[in-house]
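> Work the whole structure out from these sequences, hints included.
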Amino acid sequence: MINMVKKIIVIILVLFFVRGIVFYWNDVGFSSIFSTNSDLAIIKDDISKLNNDISSTTNKFFGQNLEKIKSQIFTPSPLKSTSKDETNNSAVLTQQGVLDSTNKARIDNKEKSLTFNKTLNAIALKKTNDMFEKGYFEHISPSGVGVSDLAKEAGYEYVILGENLASGDFKDDEALVDAWMASPGHRANILNSRFQEIGIAVKKGKFKGEDVWLAVQTFGTPLSACPAVDQSLKMTIENNTKIISDMEKQLQIVKNNIDKLTSNDKQTNSQMLDLYNQLVAKYNDLVNETKIKVSTYNKEVKEFNSCVGSN
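Here the numbering used here is used: the first residue of the sequence shown is 36, the next is one more, and so on.
There could be a bad hint or two in this list.
As the list claims (entries may be wrong) - In silico BS3-like links for lysine-lysine, alpha-carbon gap of 30 Å or less:
#1 Lys269 x Lys337
#2 Lys153 x Lys139
#3 Lys169 x Lys147
#4 Lys269 x Lys328
#5 Lys238 x Lys284
#6 Lys238 x Lys187
#7 Lys187 x Lys269
#8 Lys206 x Lys243
#9 Lys295 x Lys317
#10 Lys269 x Lys334
#11 Lys238 x Lys147
#12 Lys139 x Lys206
#13 Lys277 x Lys334
Hints in this document: simulated from the structure, not taken from any laboratory. The model shown is predicted, which means the values in this text are computed figures rather than measured ones.
Pasting the structure below:
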């Protein structure tokens with residue numbers, strides 16, 4: 036009889052203990068504790084994806100496109116006129132005349148007129164003077180300076196750049212442009228739909244002991260013609276990613292502390308769970324905000340890529 040009573044008491048105590056555990060975990064968030072592992076896995080995946088997105092877009096912008104821009108320089112072999120017209124010594128080439136003839140050729144071939152640009156003009160003039168002074172007729176000077184170097188020196192940031200050179204005697208501005216148009220490489224520059232601006236220099240002087248005309252056309256499309264990529268946005272994304280990474284570490288610490296708690300301190304358990312849930316909410320908000328910024332940044336880079344490739 037005594038043994039039976041003891042058994043009944045033990046059963047009653049066990050039932051009360053189990054019931055207490057059930058109500059206790061329902062109060063503090065049983066499911067929250069045991070979802071932390073999956074939550075942290077998602078957090079790590081999100082951070083990894085954000086880092087990959089930023090790295091990918093940064094490489095595209097600062098790698099491929101800068102190389103693409105550098106490669107978009109068109110310099111056909113210099114055109115040298117060998118004809119000598121002694122009756123044409125009074126012929127005068129003019130900047131405006133060459134510009135007008137160039138744009139006429141473009142319009143005749145259904146291309147937009149080029150806009151005269153002072154910086155490109157200064158580059159063309161510097162090239163002309165340098166060829167006279169150093170006695171060479173090439174796109175690259177004896178010291179290794181080319182049109183891209185002159186553009187950099189002048190502060191002309193470009194998407195695409197081109198240079199036409201000519202030397203000799205020409206009847207007039209139209210004859211000079213006609214000679215360029217008869218040469219496939221020079222014609223391609225004059226009619227290139229991607230060029231927007233031009234600079235022109237024409238000058239007569241002593242070149243290797245002879246009086247000759249040197250003419251330079253410098254073509255370009257400025258980098259400003261392409262939509263800008265917001266670098267401050269990129270910095271914000273990188274900063275947010277660091278914060279997100281720090282938050283992940285905080286969440287792991289809280290989760291570890293929760294795992295160490297016993298059922299003896301209900302209040303501490305509840306506080307820890309509240310802290311964890313608050314951190315997760317802040318984390319999710321920042322991740323979502325950063326994802327939107329990454330999407331915006333990617334769109335800007337894509338538009339820039341498209342412009343660089345098509346202008």
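> Each hint needs a verdict: does it hold in this structure or not?
To see whether the hints hold, each was checked on the structure:
Under the criterion of a C-alpha separation no larger than 30 Å, the hint pairing Lys269 with Lys337 is consistent with the structure, at around 14 Å. A distance of roughly 20 Å separates the Cα atoms of Lys153 and Lys139; the hinted pair therefore holds under the 30 Å criterion. Restraint check for Lys169 and Lys147: not satisfied, since their Cα atoms lie roughly 36 Å apart, outside the 30 Å limit. Note on Lys269 and Lys328: the hinted pairing holds, with a Cα-Cα distance of about 8 Å set against a maximum of 30 Å.
At roughly 69 Å between alpha-carbon atoms, Lys238 and Lys284 are farther apart than 30 Å, so this suggested pair is violated. The hinted pair formed by Lys238 and Lys187 meets the criterion: a straight-line CA distance of about 24 Å does not exceed 30 Å. With a CA separation close to 25 Å, the supplied pair Lys187 and Lys269 stays within the 30 Å bound. Proposed proximity of Lys206 and Lys243 is supported: the alpha carbons are some 21 Å apart, at most 30 Å.
Between the alpha carbons of Lys295 and Lys317 the distance comes to roughly 24 Å, so the proposed pair stays at or under 30 Å and holds. Simply put, Lys269 and Lys334 have alpha-carbon atoms about 12 Å apart, close enough for the 30 Å limit, and the pair holds. A distance of roughly 27 Å separates the Cα atoms of Lys238 and Lys147; the hinted pair therefore holds under the 30 Å criterion. Between Lys139 and Lys206, the direct Cα distance comes to roughly 18 Å. Compliance with the 30 Å bound is thereby established for this hinted pair.
Taking the CA atoms of Lys277 and Lys334, the gap is about 22 Å. The hint holds against a cut of 30 Å.
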